[in-house]
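Protein chains: 2
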Amino acid sequence: MRATIIHGPGDIRVEDRDYPTLQLPTDVVVKVTASCVCGSDLWPYRGVRSTRKPSAIGHEFVGVVESVGEDVTGLAEGDFVIAPFVVSCGECPQCLNGVTVACDFLAGWGGRDKAGFRIDGGQGQAVRVPLAESTLVKVPDVAEPDAELTANLLTLSDVMATGHHAALAAKVAPGRTVVVVGDGAVGLCGVLAAKRLGAERIIAMSRHADRQALAREFGATDIVAERGDGGVAKVRELLGGVLADSVLECVGTKESMEQALHCVRPGGALGFVGVPTGGSEVPLRYLFDSNVSIAGGMAPARTYIPELLADVLAGTINPGRVFDSVMPLEEAPEAYKAMDERRAIKVLLKP
Amino acid sequence: MRATIIHGPGDIRVEDRDYPTLQLPTDVVVKVTASCVCGSDLWPYRGVRSTRKPSAIGHEFVGVVESVGEDVTGLAEGDFVIAPFVVSCGECPQCLNGVTVACDFLAGWGGRDKAGFRIDGGQGQAVRVPLAESTLVKVPDVAEPDAELTANLLTLSDVMATGHHAALAAKVAPGRTVVVVGDGAVGLCGVLAAKRLGAERIIAMSRHADRQALAREFGATDIVAERGDGGVAKVRELLGGVLADSVLECVGTKESMEQALHCVRPGGALGFVGVPTGGSEVPLRYLFDSNVSIAGGMAPARTYIPELLADVLAGTINPGRVFDSVMPLEEAPEAYKAMDERRAIKVLLKP
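Those protein sequences? They're chains A and B, same order as listed. Take the first sequence: its letters are residues 1096 to 1446, numbered as in our numbering. Take the second sequence: its letters are residues 1096 to 1446, numbered as in our numbering.
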């Protein structure tokens, strides 16, 4: 099969790999019908995170179950499934607490499972899925989703679940005022998640006209293009002299974390989901003095998918709108380039 | 009148000061019937925080309203009142959000109000209270509380409200497992608050027999004397291989914060109320990887007092048990010494 391999910074190649087969009775093999490039895939692409050896990449995909291990009872050939961005067992204390991203049997796409067997990356034609029954979510009554539904479902793998996580961590609730820092796919999904949770006022911090437009479509009531102190002042002005109840940090840099922190009102909440790229620690004294809470991290997508899926199937949310570009898998190198250069918000890859 | 003045590290004196009088129509003057020494008073006493000039000290007191400014309608001479540990207006956005400790008109006992008038410290015979109606809480149907009730009411000024804040920040709820780091009055009140909020398992980290006994009386189900990695291992063992859902940090040092952080399970919550004494920053990457949330800071005691007061008056909580020593005001220097040397958990001062 064809699969996307990262060899080093800026070096993405689509290569031949063995077609995956069942290794364990709890496996299934999924034929990928759509995958995509994540903002966090850009960290190794840019060399911010190192790549020690060529590795299969991609952790967001949807597809059709092709073969099923003998211990798997909840999935059958032909089922359409969503893969959360990590593998989880569903039975350990962490999974039972809903924190599937801290699963005792955690494994990542493109890595190896606890038994040592290779797991394929999501940006390829097929993937062996370990612990398939607890990892995958079956989409009921859907055999072949159309392009729009496929895009919507694919966001549940990561970005929509992550935006939702940011909103929950920032305690978004009906009537709350919200600021979203970051206008990538996750930030935009954060806007949509905040709207979905009933936020009254949603300020999207964005400097790009296309992203501003999508933010408004997703529910942003205001756009702030300024950054730093100017951005904080603008938020304060828009909210009548007070800062925001809830702030979603969806980037991961030192600057974005500071921007986010300084937009929260005393006693408010900061939800952060941008993978921290370093240089930023939580100033404890600031939190003490302001009573601002901080929560976030990797989203337990597996926990959130059923709830978000219901809304996607009901047509009340359309997170798939974050895909402003669709390319064949063979053009994965160009997909990375387009996202790196911010020519695309998020690229969907068709194997 | 007599009042406690801090002159510098280790230098606490009880001196003569002018008896307070009404300065503004929103003032009342309270004759103090009981006050006490706070763990945070020990920071300037120990020189951890500097004392630039001699200052009235003490921020926890209860007493009787003696004179009433003309704009004050909700309080009358003879009312028995509880003073939260800061002055707040009750009307600014922060107060309306319940974050009275970030009030736009915030002032502290022993300091000055926004109008520039001196405010007495709590460890004295009387106090001019600015913004009295929004700051003080009247105890209904109580004219002269006995010693036990006085002690209970006095804890609502700060330590019981602070323990409650830590428990809320750590998301304590029915069925949750809890660890409390710190066995001072606040930590012990944190145990009581966790019990009150329905925690199933409460582990108090303490090395002192008297404090361990009080922790058990307040609802601790287990005591852990070990610290560092040994303490974390013991918590994990007691909780069946998982760390705690909720951890209350009630000290404020680098060591105690690390201890607390490492006792939280993935996806759990850390509530911190120990005034950070520096040296401790929370590693963002650790929070990201563990999905641990952090919240806390100064407790909005004014917001919590009505709810806690109801339980004190109903006799369902007895937080006043943290006072293991009562001294006349004149012995304030000895009270500080006894607390500094950990001979007393908390000393009540009778003016």
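Worth double-checking, as some hints may not be accurate.
No copy labels: a pair is met if it fits in one copy or bridges any two.
Taking lysine-lysine and the DSS-like style, the derived pairs with C-alpha atoms no more than 30 Å apart in a straight line are [to be verified]:
no.	residue 1	residue 2
1	Lys-1329	Lys-1209
2	Lys-1329	Lys-1266
3	Lys-1148	Lys-1445
4	Lys-1445	Lys-1349
5	Lys-1432	Lys-1233
6	Lys-1349	Lys-1209
7	Lys-1445	Lys-1266
8	Lys-1266	Lys-1432
9	Lys-1233	Lys-1148
10	Lys-1329	Lys-1432
11	Lys-1266	Lys-1290
Hint data in this document are derived by calculation from the structure and do not stem from the laboratory. These numbers were taken from a predicted model, which means no experiment stands behind them.
Verification of the supplied hints:
1. Lys-1329 / Lys-1209: Close across copies (27 Å), not inside one copy (49 Å); limit 30 Å.
2. Lys-1329 / Lys-1266: within (22 Å within a copy, 32 Å between copies)
3. Lys-1148 / Lys-1445: within (25 Å within a copy, 72 Å between copies)
4. Lys-1445 / Lys-1349: neither (34 Å within a copy, 51 Å between copies)
5. Lys-1432 / Lys-1233: The answer is neither: 32 Å in one copy and 66 Å across copies each exceed 30 Å.
6. Lys-1349 / Lys-1209: Answer is neither: 34 Å inside a copy and 35 Å across each miss the 30 Å cutoff.
7. Lys-1445 / Lys-1266: neither (36 Å within a copy, 44 Å between copies)
8. Lys-1266 / Lys-1432: Answer is neither: 35 Å inside a copy and 43 Å across each miss the 30 Å cutoff.
9. Lys-1233 / Lys-1148: Neither way: Lys-1233 and Lys-1148 sit 33 Å apart in one copy and 69 Å across, limit 30 Å.
10. Lys-1329 / Lys-1432: For Lys-1329 and Lys-1432, the Cα distance exceeds 30 Å both inside one copy (33 Å) and across copies (50 Å).
11. Lys-1266 / Lys-1290: Classified as both: same-chain Cα gap 13 Å, cross-chain 25 Å, threshold 30 Å.
Of the hints listed earlier, those the structure fails to meet are numbers 4, 5, 6, 7, 8, 9, 10, in rising order.
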